[in-house]
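Novice: As a plain string of letters, each chain reads:
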Amino acid sequence: MSFDPFALPPGLLLILAALVVAGLKGMVRKALVLLAPLAVLALVWTLPVGELLHVSFLGHTLAPLKVDALGRLFATIFLLMAAGGGLFALNQDRPAEVPAAFVYAGGAVGVALAGDLISLFVFWEIMAIASTLVLWSRDDAASRAAASRYVQVHLLGGVVLLAGIAAQVNATGSVAFAAMKPDSFGTWAILLGFLINAGAPPFSAWLPDAYPTASYSGTVFLSAFTTKTAVYVLIRGFPGAEILIPIGLWMVFYGIVYALLENDMRRILAYSIINQVGFMVTGIGIGSDMALNGAAAHAFTHIIYKALLLMAAGSVLYRTGKTKCTDLGGLFQSMPLTTLCGIVGALAISSFPWTSGFVSKSMVSQAAADSHLAWVWFGLTAASAGVFLHAGIKFPWFVFFQKDSGLRPADPPWNMKAAMVIFAALCIGIGVFPGALYALLPHPVDYQPYTAAHVIEMLQLLGFSGLAFFVLLPLMKRTLTITLDTDWLYRRLGPNVVGKLGAMLATADRAIRGQVMAILTRVLAGIKSTHGRHGLFARDLSSGAMAWTTVAVLGIFLAAFYS
Amino acid sequence: MSPQPHWLVRPKSIRLLWVGGIALLALFVALGAFIHPHATFGVEGSFGFNAWYGFATCAAMVVGAKVLGWVLKRKDDYYEL
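Chains U and L are the protein sequences, given in the same order. Numbering (the numbering used here) for the first sequence: 1 to 563. Numbering (the numbering used here) for the second sequence: 564 to 644.
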């Protein structure tokens, strides 16, 4: 049988390409970085629908390559993201970052096209390791520490997921990855493993802790894959699981409130990832065809505009070395293209009409209305206004406008500008021509985003959200602060408790050792007093005297015997 | 002589932006009179709903964040100490 590399899962092909990229330098490397994801993307679109590969493993038949509309949609956006991120990172001088990011993207594509839980788990863990390497490749103290916390959270999530998969396979006898209900230990553990990667409470803090510590281009890659593969597996694994509605709504508002309090521009955008994933998780919980289409479409558009926003932020970091809003401002004067692209990303994340967010997010809201979930609809509508507040205006305002920081950095090099322009064009293109995206969605789309009512309502909502921002601007004065989150438990409380326990143990240990030493010293002194050099039992006087006495007695005896 | 500030940051331009912005908001609200939204829950179809709801919920989120900030904000070198 001949070996056909194109029969391998596309994710694995991208991983192999990444390993080749790691060994290359110069123009050949750059060419492969640009071409590899697009070549794999072309391959994905030549694959027919169905299970295309079978592998026997531990008595089970695995399907590591299964193609359907949903999997293909996510594989497509992951590969587009790898290509755009590769272009943006073309001048990244840390040699490990882009290969690690491509392995990470390959893992995400692998998850999207995995037909069974075991293949899914393998690609899931490849993502955890490769994303840690992306963080590590910046190689400074903050990113190393954050990466070590990040990998521990994800390895814990992996253990929970594997336990769930083992229990589920044991209970059903099947490794197939199909829709489940959270009604057994196995399915609950799988759901928990998925939600940890989605950034759901109480595990949200790993994301804003880790992602903003990566390099200017590393954060762009990181924003795309982990949380959106989690959205993908939730869409396929737990459609209509009602618990996801309150979880999603919590994430939506958590992201807004924490982003409003944040000073670091990339941490603002990290919180807003959780906010946006919250819309998708809520849609998955609603579970209708419209809601699932909305969640999938929103994942697609979100990857593009969030990458665009982080490219704009990355360009500012690249040129100024600064990330804090308190240090930035007025950059529009010397970075016009970055400002413009940042504003397009900001409008798209805010679901402004004629941008990509408008045609995707509104499907989730519409699904909530169609399902008569009043509190969900009012919550999502308030949150839509809040997105404009925390990401749509706050990010561009504090970075590019507000006070003049006096900084006059130029726009970034051509490749970074090209990546931003392409992604900005996609944000507007999808917004103006949503039909192409709708055609890729898992369910047939019966939805018209551009009605006069919908456009006017959105313009009112966003316009007055903007008014609230500028009226309440004095309340949002930037300060040199962070906001405590659940990572406080393992970054401060845990180490403090362990430290205090350690100190108590050390004190107790010292006291006990001291007591034992005192007793031992006393015993030794006693022994010394009896058995020491001049001790009673150690004296040679008595034995010498005895010898002399014996000699004398024997002498007397001898004398008496012979006398 | 210091160079003239960028036209966008001159006080006159900022005043103009405020006036233009508020005029635009008024237009959005006014246009609401000519649309016929399909209201599932009733109130969201009422005149100007999205305007006041957007403003009120955003104000609530800003104030809510401010209150939470009093409890949870720390200096940004908190974890480095």
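Derived by calculation from the structure, the hints in this document are not laboratory data. These numbers were taken from a predicted model, which means no experiment stands behind them. Glycine included, C-beta positions come from ideal geometry on N, C-alpha and C. Among the hints, erroneous ones may be present.
Ranges between beta-carbon positions, derived for each pair [said to hold, decoys possible]:
| # | chain 1 | residue 1 | chain 2 | residue 2 | range |
| --- | --- | --- | --- | --- | --- |
| 1 | L | G611 | U | L493 | 44 to 50 angstroms |
| 2 | L | I585 | U | G435 | 32 to 38 angstroms |
| 3 | U | I243 | L | I585 | 31 to 37 angstroms |
| 4 | U | W375 | L | K629 | 32 to 38 angstroms |
Novice: Against which earlier hints does the structure fall short, listed by number upward?
Specialist: Of the numbered hints, 3 and 4 do not hold.
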